[in-house]
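Got chain A sorted already, so can you dock chain B onto it with the hints?
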Amino acid sequence: KAGVTQTPRYLIKTRGQQVTLSCSPISGHRSVSWYQQTPGQGLQFLFEYFSETQRNKGNFPGRFSGRQFSNSRSEMNVSTLELGDSALYLCASSMSLGQGPRDIQYFGAGTRLSVL
Amino acid sequence: QKEVEQNSGPLSVPEGAIASLNCTYSDRGSQSFFWYRQYSGKSPELIMSIYSNGDKEDGRFTAQLNKASQYVSLLIRDSQPSDSATYLCAVKGTSYGKLTFGQGTILTVHP
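Just so you know, the protein sequences line up as chains A and B, in that order.
Sequential numbering from 1 applies to the first sequence in this note's numbering.
Sequential numbering from 1 applies to the second sequence in this note's numbering.
Next comes chain A alone, as it looks inside the complex:
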């Protein structure tokens, strides 16, 4: 069974540009969560999608957005990039079939974004 796939693995952008990251969850998983990892702040929750609906959002500015498609694949977009957006962006998928808090998240390899 294939794991969580994130593309691209690496990105270099300049300030002011926008970027779109993609995540394909494990087959059968319906929930996709996104996280930002930086040396200073650690792993921080961005948002979670289920059945094409955003069910939860972390404390990030509106420049960070996402969506989920009917096949559960998800994208996140960051507009007007800032230097501080340089980070590893991780996607995690889970089954979310009524297991509530016991729902286990499996992480993709991440997309490393560098903003120059």
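These are calculated hints, taken from the structure and not from any lab test.
With a straight-line cut-off of 35 Å between C-alpha atoms, the simulated DSBU-like cross-links for lysine-lysine are:
(1) K57(A) - K67(B)
(2) K56(B) - K57(A)
(3) K57(A) - K42(B)
(4) K2(B) - K13(A)
(5) K57(A) - K13(A)
(6) K2(B) - K57(A)
(7) K67(B) - K2(B)
(8) K42(B) - K56(B)
(9) K13(A) - K42(B)
(10) K42(B) - K67(B)
(11) K2(B) - K42(B)
(12) K56(B) - K2(B)
(13) K56(B) - K67(B)
For chain B alone, coordinates are given in the frame of chain A:
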């Protein structure tokens, strides 16, 4: 106070020893607790999950949970150099998707 705090590292243990990693959390409504391992340059990998008070063992790993003390720990027995990594404690409440992570503890197992 941070929502999830882990014991400050780095932690260095000799091969074959027991490594003890600790984590405290502030939200009493937290329901699920996870330990992830992250090798340098890699993504987090689930090691253990625990939901009820007490111990849960899986091979060389034992997770311990004490909800009254808001404390969760991970013991690694017979530590191996391949266990050298950053260990992340993650806590989940009732909100959808959101895992709250500690800052991580860097473990080094030296031969």
